[in-house]
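S.K.: Take a look at the letters that make up each chain.
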Amino acid sequence: MVGPVHYLVLAAILFALGAAGVVLRRNAIIVLMSIELMLNAVNLTFLTFSRFPLLPAATDNLGARMMQGHAAVFFVIAVAAAEAAVGLAIVIAAFRSRRSVNVDDFDSLRN
Amino acid sequence: MNWLATHLLSLIVFLPMAGALLCAALPRSESGQHKAVALVTSIATFFVSLLLWTRFGAVPAGSYAFEERAAWAPSLGIGYHLGLDGVALLLFLLTTFLSPIVIGSAWRFTENKVRLFCIALLVLETAMLGTLAALDLVLFYVFWEAMLIPMYLLIGIWGSERRIYAAVKFFLFTFVGSVLMLLAIFYLWAHSGAPGQRTFDYLEILARSNFPPDVQMWLFLAFALAFAIKVPVFPLHTWLPDAHTEAPAAGSVLLAGVMLKLGTFGFIRYAMPLFPDAAQQAAPAIAWLGVVGIVYGSFMCMAQTDLKRLIAYSSVAHLGFVMTGLAALTPEAVSGAVLQMVNHGISTGALFLVIGMLYERTHTRELASYGGIAKSTPALAAVFLVITLSSIGLPGTNGFVGEFLILVGTFTSPIASAQALAVVGATGVILGAVYMLWMYQRVFLGPLTLPANRALRDLSAREWATLVPLLAAIVVIGVYPGPFLAAVKAPVDGFIQRVTGVAVRAEAPRLPPSLGASAPRLASVSPR
Amino acid sequence: MLEVNWLHLIPLLPLAGAAFCGLVGRWVPKSWVSAVALSAVLLSFLVGVTAFREIAGGEGSPLQIHELVYSWFSVGRLSVDLGLTLDRLSGTLVLVITGVGFLIHLYSVGYMDEDPGYWRYFAYLNLFVAAMLLLVLGDNLVAMFVGWEGVGLCSYLLIGFWFEDDAKSYAGRKAFVVNRIGDFGFLIGVFVLFQATGTVSFASLSGVALPLATASAAAALLFVGATGKSAQLPLYVWLPDAMAGPTPVSALIHAATMVTAGVYMVARLSFLYVQAPGVLALIAVVGTLTALWAALIATSQQDIKKVLAYSTVSQLGYMFLGVGTGAFFAGTEHLLTHAFFKACLFLGSGAVIHGLHGEQDMRRMGGLKRHMPHTARTFLIATIAITGTLPLSGFFSKDEILGQALRTSAFSFLSLTPGSSITLTFLGPLLWAVGTFTALLTSFYMWRCYYLTFEGEYRGPADVHPHESPWTMTLPLWVLAFLSIVALVIVLPPELAHKLHLESITWKHFTEGLFRAARGGPAREFAYFPEIAAYATALAVALVGWRVAVRYFNAGPQGAARAQAFAARFPRLRRALENKLYVDEIYERIFVRPLWAFARWLWRIVDAWIIDGLLVNGTGKAVATAGAWARKFQNGNVQRYAAVTAVGIALLVFVLLTRG
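Top to bottom, those sequences are chains U, F and X.
Using my numbering, read the first sequence as starting at 1 and increasing by one per residue.
Using my numbering, read the second sequence as starting at 1001 and increasing by one per residue.
Using my numbering, read the third sequence as starting at 2001 and increasing by one per residue.
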């Protein structure tokens, strides 16, 4: 059976891939994509625990299941979208001044 | 009118600041107006401060005259509390006395940023006066740090070649000590009472402080470090020669004349009375550092080729006397130390003033560029000689009374190795004559070899006006030190009592058993 | 003790004179300057006479008159007043200071006539008189010290009077610094006394019995001050150099008054010194050695003023021998007679120098008695006085000292080293022998000086025409010569004085009761014959010295040749003596140069390198270096930052989860 562990492992792998991309990739846009990947991994984790709650019978007074995890996902998606927009705007502005999207080139705060 | 009487001290402390604000309001280009405002303000401050002297009266030990209190941040225990005792009064008057002289001497000093210059001098004066009058630890600290910025600007903007280095060194060095002192102040506050009743008030803390000796030692060291750097005590003195050499004459006079004294003032007002057991333990060490300062400073003077650096090291030597006197803990020594604080301000301030006048004419401080100047500037040479004699403690000048009292008090002091301290310290008398007269000869006496020095002009009326008060003070304090010593008697006795735990009694001279009948008395002469 | 309120006029009048001459003298006519200066001293002299008559009146007159001018400063146990006491000793000295001082002021009017610094000179000279009077009249150690340093200051100002000459300025500075070394000792002595007794006033101190160690320490330390001020071994080196100043200055300061301050101090503090007999012995020994040392050097000096300078050092040595044997009256009476004849000699030499337009080398003098008869005759009288060739004042005062040394019992209870059984009874006669030999040398060098200068043929350059001085200069010479003769009545030995019914005006009688008696009692009384023998020895010695001088220096070219031949037999000794036994060079090498080198070393190594370099700037550099190293972590790469943050958070979470 496909249980919560599988989802969590998938989410962990996605998170690790995203983190690796953030740290290792040179292209700024790829870095932003990797950040999106990490955020989605987190979304998956939230949904997993929402679907497979740790505490049994997490129900409210009217008998419906608690949906905090799903609600959190909405927050994260919205924030991710905003952050992607801002991040891409910064990349475009930086590209205009330095004509490169290679992260290694943006080291004017060096030392 | 009554408001004026009760808030006299605040008025005097902030009067220069008001002058600075007025300067700031005037347009930048009117340099004459700025200088006039500065001069008038400082003269007015001096005359109003004379009221303090006349109204001082005899204040018993432990209490303060002209007290003012106002709430500032009561929830934190910070209050606005001012007051003066005899020691603070003397230094207060020294500050207000020197400031107009400094401003008058700097009249033709610069055309560069005159407004800022005047503002800096006036703010510096307020900060120095506030440091002396503050009776709340935070207020004291604020004023203490506030002195650094104008002096930093004075050195850094209007100084000589290495002014940035000297200004930064001065600032950082002094600041490091002060920061540790701030920690100690917080500790004092934290232990001044239950939460909600803690205070920064000096008198309260003095009354309540009851720390075990080892804690006292740490606190004492924290305070002492800040003040020792300021004095400066050997080996924390190396900022002083650089600061003095690079500073403009006005800055040097105020630095040597007043600011250094605030370090010694910190010892006698804060560091030692707040932590009496630690102070008693540390007294021999402080005295030895003072004596080392005397000898070491004198030797440094002998090795200098730069006039201002030489006088800077002589300050180290003179203040070594003061520190030794403070640490000797006898009424003679401590009174002498306080008097010597004032004396040093006058004589070394005057020295820097005259050297500044020389620099204005020759634009060099190197001894080798002088020689035989007494021929072209006889009046200046004569004045310089009088000030030199004051500096080396010739009887009749103010320096003698202070030095003699310090040495006598140290010799009869109960602290360890007191006689050795006094003997080594007294060699300062010889060394002082050695380097000062050597310097005087190299600058003023001998043949006038360099043609550039032939055309030097002698003292102008303005320069005379700035020097005459100092010369008068040298003679008056030397011949008639009574009123000054009387003013500090109560705080000195209180200080000694607080630190040693032994009250100072007015003792009649105790004579060992008389020679009695065996001694041939002065017989009346009978014809044979 | 009589309290008065006019005693302060004595030092105040010259002080006012100095203020006038110093502040406005530059712009007023020369005659005003000299008028003010001379009248200040003269008025002071007249007040001094009034005071003197008060205390010297005889039966019923007070022993001292006193004035408390004001309370100078008073802190804790220490109370220092500016008080003045005039008794027979200080009263006499006041008269000498103001009287001889007036004569020298008068002389200076002529001597300094063409000097542009005329006003400065008289200001300093008046200031000196004021300070010396304060020294002598002060009623406590600190007031005396004010005068003590004050005369040191005036010495500095006057020796370096012609300040455009570097060597002269250096001489002035040397005098001040060497004096300060002595003053250091003086101060410590004052501290010792204050600590033991709580007072500094003479009146209170004189009634105190001090433990031996304290008294000896204080006495020795104060004597160190005296060796500085009164130019004894080892601090005499400033006095010969002090001849750089104008000659009247040498006469007043370095012959008659300032240098006698040390002797005065020991006499004034006789109550202290008799409690420290070991120190008295030391004083006597130092004095005698100094006398011999200086006399040896004086025999080979070519500069007339240097001869007189070393002679002064030597005669001061005699004075200290006098007080050192407990015969305070003997030392002080020689002080008085010496003031007269030495001032006369110096002023005479000044007249010679003035008349020769600045020549001071005796090799270029000679035969001047024809050109300067007054100067020559007064110089002759003074020379007779100092050498004791005839029984003038110098003979009696010097031989009183030597006689006291021969007969003293002040040393017989002292042992050579603590605990040894050898007593110092031999010391008195030994000092007498050395002193007598020194008298021989004194006679020799003084007569040499006279003959080289005034007798024989003139050896100077042809274009210099020696001339006699104006009356303002010769009058003081005659007055002083007269005083040198007349002063003999106050120094007559007791028996002779008794026969002439002059006993009551001898110095010994006059100062009876003023000085404490030394332990061991007064000098042993001699019977008639040994006494006469002692006097005869002294006279013989003086005559021998005279004859030798005549043989070499008053016999024309043959004499000169004989002198050269004699000197050639001891070339190294002669050179050493001519070069003042190299004392200055030794001091320079052992003390002066190492001191300055040490200062420079200290500055370069300790201050600039260790403290400033290593500790201060080193700290700064260390912080900067650490910062530069830490900065390398910032490579500007955002990814690296993110990775480090992630690792850090992971660690933090790990720690929190495992530690709880």
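Hints are supplied without guarantee of correctness; some may be wrong.
What the hints assert, rightly or not - Computed list of lysine to aspartate or glutamate pairs in EDC-like fashion (alpha-carbon distance at most 16 angstroms, straight line): (1) F/K1113 <-> F/E1030; (2) F/K1375 <-> X/D2165; (3) X/K2369 <-> X/E2495; (4) F/K1375 <-> F/D1277; (5) X/K2580 <-> X/D2166; (6) F/K1375 <-> X/D2115; (7) X/K2030 <-> X/D2165; (8) X/K2030 <-> X/E2114; (9) X/K2632 <-> U/D107; (10) X/K2369 <-> X/E2468; (11) F/K1375 <-> X/E2495; (12) F/K1375 <-> X/E2164; (13) X/K2030 <-> X/D2115; (14) X/K2499 <-> X/E2512.
Said to hold, decoys possible - Restraint-style ranges between C-beta atoms, simulated for each label pair: (15) X/G2618 <-> U/A82: 48 to 54 angstroms; (16) X/W2601 <-> F/F1175: 30 to 36 angstroms; (17) X/A2608 <-> F/H1007: 48 to 54 angstroms; (18) X/R2631 <-> F/F1047: 51 to 57 angstroms; (19) X/R2631 <-> U/S97: 55 to 61 angstroms; (20) X/V2647 <-> U/V5: 43 to 49 angstroms; (21) X/A2624 <-> F/N1210: 52 to 58 angstroms.
Just so you know, these hints were derived from the structure itself, not from any lab.
Idealized CB from N, CA, C, for every residue including glycine.
S.K.: All hints are to be evaluated individually against the structure, with a verdict given for each.
M.R.: Results for each hint:
1. For the given pair, F/K1113 sits about 10 angstroms from F/E1030 by alpha-carbon distance, which is consistent with the 16 angstroms threshold.
2. Of the pairs offered as hints, the one joining F/K1375 and X/D2165 holds, with about 11 angstroms between alpha carbons and a cut-off of 16 angstroms not exceeded.
3. Restraint check for X/K2369 and X/E2495: the C-alpha separation of about 38 angstroms exceeds 16 angstroms, so the hint is violated.
4. For the proposed pair F/K1375 and F/D1277, the alpha carbon gap of about 57 angstroms is over 16 angstroms, so the pair is violated.
5. A hinted pair counts as satisfied when its Cα atoms are at most 16 angstroms apart, and X/K2580 with X/D2166 does not qualify at roughly 21 angstroms.
6. Among the hinted pairs, F/K1375 with X/D2115 is consistent with the structure: their alpha-carbon atoms are about 14 angstroms apart, no more than 16 angstroms.
7. Restraint check: the Cα-Cα separation between X/K2030 and X/D2165 comes to about 24 angstroms, which exceeds 16 angstroms; the hinted pair is violated.
8. The straight-line distance between the Cα atoms of X/K2030 and X/E2114 is roughly 10 angstroms, inside the 16 angstroms bound, and the hint therefore holds.
9. Between the alpha carbons of X/K2632 and U/D107 the distance comes to roughly 12 angstroms, so the proposed pair stays at or under 16 angstroms and holds.
10. Note on X/K2369 and X/E2468: the hinted pairing holds, with a Cα-Cα distance of about 10 angstroms set against a maximum of 16 angstroms.
11. At roughly 60 angstroms between alpha-carbon atoms, F/K1375 and X/E2495 are farther apart than 16 angstroms, so this suggested pair is violated.
12. With a C-alpha separation of about 8 angstroms, the suggested pairing of F/K1375 with X/E2164 holds against the 16 angstroms cut-off.
13. This hinted pair checks out: X/K2030 and X/D2115 have alpha carbons roughly 11 angstroms apart, not beyond 16 angstroms.
14. Between X/K2499 and X/E2512, the direct Cα distance comes to roughly 19 angstroms. Violation of the 16 angstroms bound is thereby established for this hinted pair.
15. In this structure the supplied range 48 to 54 angstroms holds for X/G2618 paired with U/A82, their Cβ-Cβ distance being about 52 angstroms.
16. At roughly 32 angstroms, the beta carbons of X/W2601 and F/F1175 sit within the given window of 30 to 36 angstroms.
17. Checking the proposed 48 to 54 angstroms range against X/A2608 and F/H1007 shows it holds: the Cβ atoms sit about 50 angstroms from each other.
18. Range check, X/R2631 to F/F1047: Cβ separation about 55 angstroms, and the 51 to 57 angstroms hint holds.
19. The hint said 55 to 61 angstroms for the Cβ distance between X/R2631 and U/S97, and at roughly 24 angstroms that hint is violated.
20. For X/V2647 and U/V5, the hinted distance range of 43 to 49 angstroms is not satisfied, since their beta carbons lie about 26 angstroms from each other.
21. A C-beta distance of roughly 43 angstroms is found between X/A2624 and F/N1210, which places it outside the suggested range of 52 to 58 angstroms.
Hint violations for this structure: numbers 3, 4, 5, 7, 11, 14, 19, 20, 21, all remaining hints satisfied.
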